[in-house]
Structure formats: structure tokens, C-alpha cells
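S.K.: Which chain is which? The protein sequence lines are X and B, in order. Going by my numbering, the residue at position 111 of the first sequence is 111; the numbering climbs one at a time, nothing skipped. Going by my numbering, the residue at position 20 of the second sequence is 135; the numbering climbs one at a time, nothing skipped.
A couple of the hints might just be wrong.
Computed footprint of chain B on chain X, listed as stretches where at least three residues anywhere in the stretch have a Cβ under 8 Å from a Cβ of chain B [to be verified]:
1) 10–20
2) 91–101
Straight line, CA to CA, 30 Å or less: simulated DSSO-like cross-link-like pairs of lysine-lysine [said to hold, decoys possible]:
3) K57(X) - K141(B)
4) K141(B) - K184(B)
5) K1(X) - K171(B)
6) K13(X) - K57(X)
7) K185(B) - K57(X)
Distance ranges between label pairs, derived from CB positions [unchecked claim]:
8) R55(X) - K141(B): 33 to 43 Å
9) N71(X) - T135(B): 26 to 36 Å
10) E130(B) - N71(X): 39 to 49 Å
11) F69(X) - R169(B): 23 to 33 Å
12) T113(X) - K184(B): 38 to 48 Å
13) Y10(X) - R169(B): 40 to 50 Å
14) R169(B) - R67(X): 41 to 51 Å
15) D181(B) - T14(X): 46 to 56 Å
16) S51(X) - P225(B): 26 to 36 Å
17) G40(X) - N167(B): 31 to 41 Å
18) S127(B) - T14(X): 15 to 25 Å
19) T142(B) - K57(X): 16 to 26 Å
These are computed hints drawn from the structure, not numbers from a lab. Glycine is no exception: its CB is placed at the ideal position from the N, C-alpha and C atoms.
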Amino acid sequence: KAGVTQTPRYLIKTRGQQVTLSCSPISGHRSVSWYQQTPGQGLQFLFEYFSETQRNKGNFPGRFSGRQFSNSRSEMNVSTLELGDSALYLCASSPRRLQSDTEAFFGQGTRLTVV
Amino acid sequence: SQQGEEDPQALSIQEGENATMNCSYKTSINNLQWYRQNSGRGLVHLILIRSNEREKHSGRLRVTLDTSKKSSSLLITASRAADTASYFCATDAGGQNFVFGPGTRLSVLP
């Protein structure tokens, strides 16, 4: 079974631009969650999508948005990029809603650098 | 604020030694998970322990949970160079998605 696939792996963008990251979950998994990881803030939850609906959202500005398609693939968009958005963005999939008793399967991440 | 806080922040040991990492949390939990992350890569699930469990084993891993002290520990026995990674605990926080602590960076020296 293929794992969680994130594309692209690396990305360099300029301040003010926007970016779209993609996550393909494990086949059969319906939940996709996104995390931002930085040295200073650690792993911070962005949002969770389940059955094409955003179910939970972290404390991030509206510049961060996402969506999920009918095949459970998810995209995350960041508009008007700031230097502080430089981070490793991780997505995680699970067969059901991500709860504390659910194992999350992570992708390798997308390393975004904003210059 | 993060629900789980691991300590130490960093740990260096020699191959063959045991490594112990701790996770403390602030409010009551239902479950606690441990994950490993190799440098700059995705996280890998190690073990889940429920609030009514005190100890769980998985291979060279031993996890304990003390709900009275609001803490958990992860013990890796007979460590190997391949165990070099960051280790995170994740707990539930008021029904929200589980929240990760800042992690412990483990270096196992050959």
C-alpha cells in the first residue's frame, strides 16, 4: 500500500506570492490533517479535512486555507506569503476522523522557503 | 500553549545504552501517542497508550503513563545509531486534534 504522498518536496517562493501544496492520503483514508513545523514553534495543527469538509482548524490566519476532493486528496494554499511561513508542512492521513486514539500516517513533508 | 512538553530537549547517549524521554501535559487526557521523526522527514507512529493503561511495550520501546502526575515516559532499550531522531508525544486537548509537544532530539553515538 502506498504511503502518504506530498508534492512538491521542496519549494522556494518570494514574499507576497501564493503557494499550493498537495497531499495524497493512503488509499481508503478519508481524513487529511495539515501541520506546520518550524524550529521555533514546533508542530502546529493547521486544519483537518474529512469527507471534503473542514472539521477542525488551528490558530492560523485566513491566508492559510485548504480543501479536500472527493478522492480524499487535499490541497493547502497559503496566500501573500511572509518570511515566517518558511517551514516544513506535513500532512497526515487516517482512515477515520483524527482523534487521540487514531494513528496518523504522515507524508515526508514539503519544505517551503520564502525569500 | 502546547499540551505536551517533552524533556529533555536533547539527549546524547552511546550505542547500547538506554534512552528515556519524558512527556508532561497540563489537562486530563484520554490517550497519548509517541511519534518519531528522522531529520526533516515525516513522523512515524510508535505507540499509543490509553489513560486506563499504565505501561505498554513494543519491541525495544517501553511507554509508561502516570495520570496522577500527568506524565508519560518513553524508554528505548539497547539504543542503536538508527534510533537517532526527534521524539514527540501527542495528546488530546479538550476534544481537539491531538497536540504535539516540542520534542526530544535523541543522538545515539556509535
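S.K.: Hint by hint, note whether the structure agrees.
M.R.: Tested hints:
no.	hint	result
1	10–20	violated (count 0)
2	91–101	holds (count 5)
3	K57(X) - K141(B)	holds, 21 Å
4	K141(B) - K184(B)	holds, 10 Å
5	K1(X) - K171(B)	holds, 27 Å
6	K13(X) - K57(X)	holds, 25 Å
7	K185(B) - K57(X)	holds, 26 Å
8	R55(X) - K141(B): 33 to 43 Å	violated, 24 Å
9	N71(X) - T135(B): 26 to 36 Å	violated, 43 Å
10	E130(B) - N71(X): 39 to 49 Å	holds, 44 Å
11	F69(X) - R169(B): 23 to 33 Å	violated, 43 Å
12	T113(X) - K184(B): 38 to 48 Å	holds, 41 Å
13	Y10(X) - R169(B): 40 to 50 Å	holds, 43 Å
14	R169(B) - R67(X): 41 to 51 Å	holds, 42 Å
15	D181(B) - T14(X): 46 to 56 Å	holds, 49 Å
16	S51(X) - P225(B): 26 to 36 Å	violated, 48 Å
17	G40(X) - N167(B): 31 to 41 Å	holds, 36 Å
18	S127(B) - T14(X): 15 to 25 Å	violated, 39 Å
19	T142(B) - K57(X): 16 to 26 Å	holds, 20 Å
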